[in-house]
Structures are given as C-alpha cells and as structure tokens.
Amino acid sequence: MREKIEEYISNENLMKEIEKLAAKLNEDYKDRNPVFVIILKGAFIFAAELIKRINTPLNVDFMVISSYGDSTRSSGNVRIEEDIRINIENRDVIIVEDIVDTGQTIVKIKEKLSVNNPKSLKLATLLNKPSRRVTEIVPDYSCFEIEDKFVVGFGLDYRQFYRNLPYIGILTEVE
Numbered sequence: 001m002r003e004k005i006e007e008y009i010s011n012e013n014l015m016k017e018i019e020k021l022a023a024k025l026n027e028d029y030k031d032r033n034p035v036f037v038i039i040l041k042g043a044f045i046f047a048a049e050l051i052k053r054i055n056t057p058l059n060v061d062f063m064v065i066s067s068y069g070d071s072t073r074s075s076g077n078v079r080i081e082e083d084i085r086i087n088i089e090n091r092d093v094i095i096v097e098d099i100v101d102t103g104q105t106i107v108k109i110k111e112k113l114s115v116n117n118p119k120s121l122k123l124a125t126l127l128n129k130p131s132r133r134v135t136e137i138v139p140d141y142s143c144f145e146i147e148d149k150f151v152v153g154f155g156l157d158y159r160q161f162y163r164n165l166p167y168i169g170i171l172t173e174v175e
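Under my numbering, read the sequence shown as residues 1 to 175, first letter to last.
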C-alpha cells in the first residue's frame, strides 16, 4: 500500500489563520500570563508558529497523547503517555491541539487537567472536524473547519510520516 497526498490547505493560508488566532489570543489573554499545553506530537509545528506570535509572557508545557496508532481513524483508546510538569493551579490554560476529530482525546485531556484546578481551561486547535464528533466538545479557538478527510502535514502524521509537509494534505491510500 502506498499513499497519495493532495494539498488541501496551503502554507500561506495556514500562516494567515495562525496570525489571526494569535491576534485573538493576544487580545483575550493580555496581561494574563497563560500556560500553553501543547499536545504532542501532532501540534508541535502549529504550536511553534502560534507561540512565536503571542506577545504576553507565557509558560509552555507538553502532553504526549496517543489515540490513532497506525490507523487513519481514532481508535477511541486515548492514552496519556506523558503528562505536564508545570503547576497550573489558578492559571489560565490553553490546550493547543492539531485536530479535534471525535473529541474523545480532548475530553480525556480536559478531565486530566481539570483536577489541577486551573483558573480557566480553553482549547485552541488548528483543525476542527465536527462531522466526526462523538462528544460535546467545541473548540474555543479554531483556525479551520474541515470535512471528514484524513489529513497530514504541518505536524499531523500517518504512521509517523508526513509531519514535515509545509501544508495540510488529504491522504488517500492507493494500491
């Protein structure tokens, strides 16, 4: 089996939307010193581009989450492989995710972080795919709403490949 990738969202459009999101976060979190919790591995490129544009002091921490394995569909089995280390009690927390699909991963992350009593807990995602949602999760901030296609690039992967693409592409398997 080999894959075909068709460009879906160009790098130029990605940068424009990330700039808009950063401006909104700068407005909403002015003088609030938020904590950005980056969900690895997929969100690392999006997060780097976003955080470079934030002009208020902030902290960054990471969580490693797994739910896809080698499939193009979420397994529904969400595993927290590495948790944050920073104290988020009474802090404004922004979860930075690459894509919100079924919503199961975000539910698990929010449950885990909520026990640490953050002042606020918001979700910023690069891609929102509401057609696959099986939970009540709605991102607080989103750059793009996408159709039900399996996408790669700009940090998103398939079997740990394609993260390095500078755009978001639709992946299809061809024989």
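Mixed in with the good hints there might be a few duds.
Stated by the list, open to error - Below, computed lysine-lysine pairings styled on BS3-like, alpha-carbon distance capped at 30 Å:
1) K4 <-> K122
2) K122 <-> K24
3) K30 <-> K149
4) K4 <-> K112
5) K149 <-> K52
Claimed, not checked - Computed beta-carbon distance windows for the label pairs:
6) E6 <-> Q160: 18 to 26 Å
7) V64 <-> P130: 22 to 30 Å
8) K119 <-> E173: 39 to 47 Å
9) E7 <-> V115: 38 to 46 Å
10) E6 <-> N33: 25 to 33 Å
11) D31 <-> Q160: 23 to 31 Å
12) K4 <-> T135: 25 to 33 Å
13) D28 <-> K4: 33 to 41 Å
14) E7 <-> V138: 38 to 46 Å
15) K4 <-> V115: 22 to 30 Å
16) T172 <-> V115: 39 to 47 Å
Read the hints as simulated data drawn from the structure, not as lab findings. By construction, the Cβ of each residue, glycine as well, lies at the ideal position given by its N, Cα and C atoms.
Here's how the hints hold up against the structure:
With a CA separation close to 35 Å, the supplied pair K4 and K122 exceeds the 30 Å bound. Distance check on the hinted pair: K122 and K24 sit about 13 Å apart at the alpha-carbon level, within 30 Å; holds. A distance of roughly 36 Å separates the Cα atoms of K30 and K149; the hinted pair therefore is violated under the 30 Å criterion. Using a Cα cut-off of 30 Å, the hinted pair K4 and K112 is violated, with the two alpha carbons roughly 37 Å apart.
The hinted pair formed by K149 and K52 meets the criterion: a straight-line CA distance of about 29 Å does not exceed 30 Å. As the Cβ distance of E6 to Q160 is approximately 20 Å, the hint placing it in 18 to 26 Å holds. Between V64 and P130 the beta carbon distance is about 25 Å. The supplied range of 22 to 30 Å therefore holds. At about 44 Å, the beta-carbon gap between K119 and E173 stays in the expected band of 39 to 47 Å.
Distance hint check for E7 and V115: the Cβ-Cβ separation is about 41 Å, which falls inside the suggested range of 38 to 46 Å. For E6 and N33, the Cβ-Cβ distance of about 41 Å falls outside the hinted range of 25 to 33 Å, so the restraint is violated. Between D31 and Q160 the CB atoms are about 40 Å apart, so this pair departs from the stated range of 23 to 31 Å. Remark: the range hint 25 to 33 Å for K4 to T135 is upheld by a beta-carbon distance near 31 Å.
Between D28 and K4 the beta carbons are some 39 Å apart, a value that agrees with the proposed interval 33 to 41 Å. Our hint of 38 to 46 Å for E7 and V138 is violated, since their Cβ atoms are close to 28 Å apart. Separation of K4 from V115 is about 43 Å and departs from the stated range, judged on CB atoms against 22 to 30 Å. At about 40 Å, the beta-carbon gap between T172 and V115 stays in the expected band of 39 to 47 Å.
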